[in-house]
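As they're listed, the protein sequences go chains A and B.
For the first sequence, my numbering gives the first residue as 1, with consecutive numbering after it.
For the second sequence, my numbering gives the first residue as 140, with consecutive numbering after it.
Hints listed in this document are in silico derivations from the structure and should not be mistaken for laboratory results.
Among the clues, some could well be false.
[Stated by the list, open to error] Below, simulated DSS-like cross-link-like pairs (lysine-lysine); rule was C-alpha separation at most 27 Å, straight line:
| # | chain 1 | residue 1 | chain 2 | residue 2 |
| --- | --- | --- | --- | --- |
| 1 | B | Lys219 | A | Lys26 |
| 2 | A | Lys66 | B | Lys157 |
| 3 | B | Lys169 | B | Lys157 |
| 4 | A | Lys66 | B | Lys247 |
| 5 | B | Lys406 | B | Lys443 |
| 6 | A | Lys103 | B | Lys175 |
| 7 | A | Lys66 | B | Lys219 |
| 8 | A | Lys26 | B | Lys260 |
| 9 | A | Lys26 | B | Lys443 |
| 10 | B | Lys391 | B | Lys371 |
| 11 | A | Lys26 | B | Lys157 |
| 12 | B | Lys247 | A | Lys103 |
[Said to hold, decoys possible] Simulated coverage check for chain A against chain B, where a stretch passes if three residues somewhere in it have a Cβ under 8 Å from a Cβ of chain B:
| # | region |
| --- | --- |
| 13 | 27–37 |
| 14 | 62–75 |
| 15 | 79–92 |
| 16 | 110–121 |
[Stated by the list, open to error] Under 7 Å between C-beta atoms, here's a sample of chain A residues computed to sit facing chain B:
| # | residue |
| --- | --- |
| 17 | Ser7 |
| 18 | Pro10 |
| 19 | Val13 |
| 20 | Gly44 |
| 21 | Leu47 |
Values in this document were obtained by computation on a predicted structure and should not be read as measured data.
The beta carbon of each residue, even a glycine, is placed where N, CA and C say it ideally should be.
Each chain, written out:
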Amino acid sequence: MSDFIQSLDPRIVRLQVREDQPFEPKEAGDQWETYEVFHQAKTGARLIHVGSLHAPSPDLALVFAKEQYGRRSTTTDMWVVRTADIFTLHRQDIDIFETAQEKLHREPQGYMEVRKYIEEFKKRQQQEGTSDGSEAGSH
Amino acid sequence: MYGGGYIPGSASPQETPKEDPEKLAEFEEKINRGEKIEPHDWMPYEYRRQLIRMIEQHAHSEIIGALPEGTWITRAPGFKRKLALMAKVQDEVGHAQLLYSAAETLGKSREQMINDLLSGKSKYSNVFNYPAKTWADAAIIAWLVDAGAIINQTTNSKGSYGPYCRALERICWEESFHLRYGYDTVVALATGTKKQRQMVQDALNRWWRPIMHFFGPPDKISVHTEKLVRWKVKLATNDEMRQQFLNMYVPKIRELELEIPDPILHKDPETGKWVYSDPDWDEFFRVINGNGPCNKERLAVRKKAEMMGQWVRRALHNPRQQYVTPLA
């Protein structure tokens with residue numbers, strides 16, 4: 001019996017572990033494939049990518065996702081997707097976003113001058129009115 | 140939980156390929172601008188190698204750390220403490236999962252990392268090669284070892300590698316409970332009966348040296364290069380983190396009227412730095428190289444757990460599975 005490790009942890013004593021415990025090195029695939037996890041913290045919110053995990057099937061990926069990414073605060077929904085099924089941009093193509101020309105025509109900031117035009121228009125109308133008295137009060 | 144006991148490994152210039160100077164300059168500028176490096180970005184060979192080693196050692200520390208802490212789960216004093224300790228130990232194993240994924244994005248498979256842990260090729264935080272003799276040891280680990288780990292991890296979360304930073308942010312967020320729980324547990328003993336106070340004092344005496352070792356060898360003998368600092372792999376020196384820990388925790392320990400087992404420990408009023416006894420770095424290297432009180436037990440237990448789970452993993456294995464590195 002003294003071959004077994006005398007641990008301070010009673011669980012390890014019960015496990016009967018030897019110091020020279022044999023071990024077969026893991027083969028490729030032993031830890032299954034990987035999934036990406038998406039988490040929703042409250043109803044109505046977007047699901048946000050929170051990380052990855054290893055699982056042998058989508059069902060178990062969801063179980064592991066609950067354990068790994070749902071231990072704190074609130075969770076209202078989770079998705080998992082096989083990493084292999086995600087298509088990503090090549091990192092060397094990321095600069096396609098830098099080559100875009102200025103995009104003011106797509107943004108509200110591109111249309112901030114209306115008040116100026118209206119004020120100028122009003123001023124012009126008024127000036128025309130005072131320079132040509134016949135117009136004023138003719139209606 | 141992980142300290143700065145990171146051992147960068149011997150430099151092997153004959154293996155290190157010459158880097159394209161243009162790409163290298165672009166990479167360094169990116170880091171200088173405070174941008175993060177992502178898995179498929181170009182990176183120097185040495186950056187990848189050091190990060191894999193560091194993140195992997197961190198992941199191993201989390202699963203091995205669950206063993207000394209788990210020692211007292213079956214005999215925790217009361218259900219509240221037992222629930223809290225189980226939650227904490229589960230967190231540590233969860234942290235290993237996050238970190239293994241982050242390391243995998245750099246191209247080393249999880250199988251290979253676990254094989255290297257169990258063959259003794261990869262290291263883990265030295266502090267877990269010491270036994271948790273009493274419940275008070277578990278309390279001191281949860282308070283002070285986690286405090287050290289949070290200092291180290293918060294520092295590293297400002298590094299340059301995106302997946303590692305994201306994993307560390309989540310880990311630090313979860314560990315804020317560990318620190319509070321650990322403090323609560325220590326305070327319960329330190330404000331309790333004479334016997335309880337003695338118990339926590341004994342545990343502090345046992346753990347002080349491993350905690351001083353936790354941040355790694357002193358700067359004058361540690362071999363982290365200027366390059367690792369420039370690449371934001373290493374963000375503070377071991378001594379800087381040790382000083383930060385002493386600044387934050389010596390007053391808290393003394394407030395509980397516990398005695399720190401270092402007669403010369405004091406803050407130099409001129410330099411503002413803590414002065415402490417040499418914590419015997421020979422012991423640190425002896426233990427990290429396999430000769431600590433629990434090294435053999437830790438690895439044997441991990442091996443047995445892996446072997447006992449092998450049939451389950453094989454039964455669930457899908458022959459059509461397709462491994463790709465996680466996006467993390």
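Comparing the hints with the structure gives:
1. With a C-alpha separation of about 38 Å, the suggested pairing of Lys219(B) with Lys26(A) is violated against the 27 Å cut-off.
2. The straight-line distance between the Cα atoms of Lys66(A) and Lys157(B) is roughly 45 Å, outside the 27 Å bound, and the hint therefore fails.
3. Restraint check for Lys169(B) and Lys157(B): satisfied, since their Cα atoms lie roughly 20 Å apart, inside the 27 Å limit.
4. Restraint check: the Cα-Cα separation between Lys66(A) and Lys247(B) comes to about 26 Å, which is no more than 27 Å; the hinted pair holds.
5. Proposed proximity of Lys406(B) and Lys443(B) is contradicted: the alpha carbons are some 46 Å apart, above 27 Å.
6. A C-alpha spacing of about 26 Å is found between Lys103(A) and Lys175(B), which places the hinted pair at or below 27 Å, so the restraint holds.
7. For the proposed pair Lys66(A) and Lys219(B), the alpha carbon gap of about 23 Å is at most 27 Å, so the pair holds.
8. A hinted pair counts as satisfied when its Cα atoms are at most 27 Å apart, and Lys26(A) with Lys260(B) qualifies at roughly 15 Å.
9. Pair hint Lys26(A) plus Lys443(B) holds up; C-alpha atoms about 13 Å apart against a cutoff of 27 Å.
10. Distance hint between Lys391(B) and Lys371(B) is unfulfilled; the C-alpha atoms sit about 31 Å from each other, more than 27 Å.
11. As the CA atoms of Lys26(A) and Lys157(B) are separated by approximately 33 Å, the hinted pair breaks the 27 Å bound.
12. As the CA atoms of Lys247(B) and Lys103(A) are separated by approximately 41 Å, the hinted pair breaks the 27 Å bound.
13. With a cut-off of 8 Å between beta carbons, the region 27–37 of chain A has 9 residues touching chain B; three or more are needed, and the interface restraint holds.
14. Residue count for the region 62–75 of chain A with a Cβ under 8 Å from a Cβ of chain B: 4. That meets the three needed, and the coverage hint holds.
15. Closer than 8 Å: that is the beta-carbon criterion, and the region 79–92 of chain A has 7 residues meeting it against chain B, so the requirement of 3 holds.
16. Closer than 8 Å: that is the beta-carbon criterion, and the region 110–121 of chain A has 0 residues meeting it against chain B, so the requirement of 3 is violated.
17. Proximity of Ser7(A) to chain B holds as hinted, the smallest CB-CB distance being about 6 Å (cut-off 7 Å).
18. A distance limit of 7 Å between C-beta atoms decides the matter here; for Pro10(A) the minimum to chain B is near 6 Å, and the interface restraint holds.
19. Checking Val13(A) against chain B by beta carbon gives a least distance of about 11 Å; that is not within 7 Å, so the hint is violated.
20. Interface hint status for Gly44(A): violated, as the beta-carbon distance to the closest one in chain B is roughly 23 Å, over 7 Å.
21. Annotation: interface hint on Leu47(A) violated; nearest CB of chain B at approximately 15 Å, more than 7 Å.
Hints 1, 2, 5, 10, 11, 12, 16, 19, 20, 21 from the earlier list are contradicted by this structure; the remaining hints agree with it.
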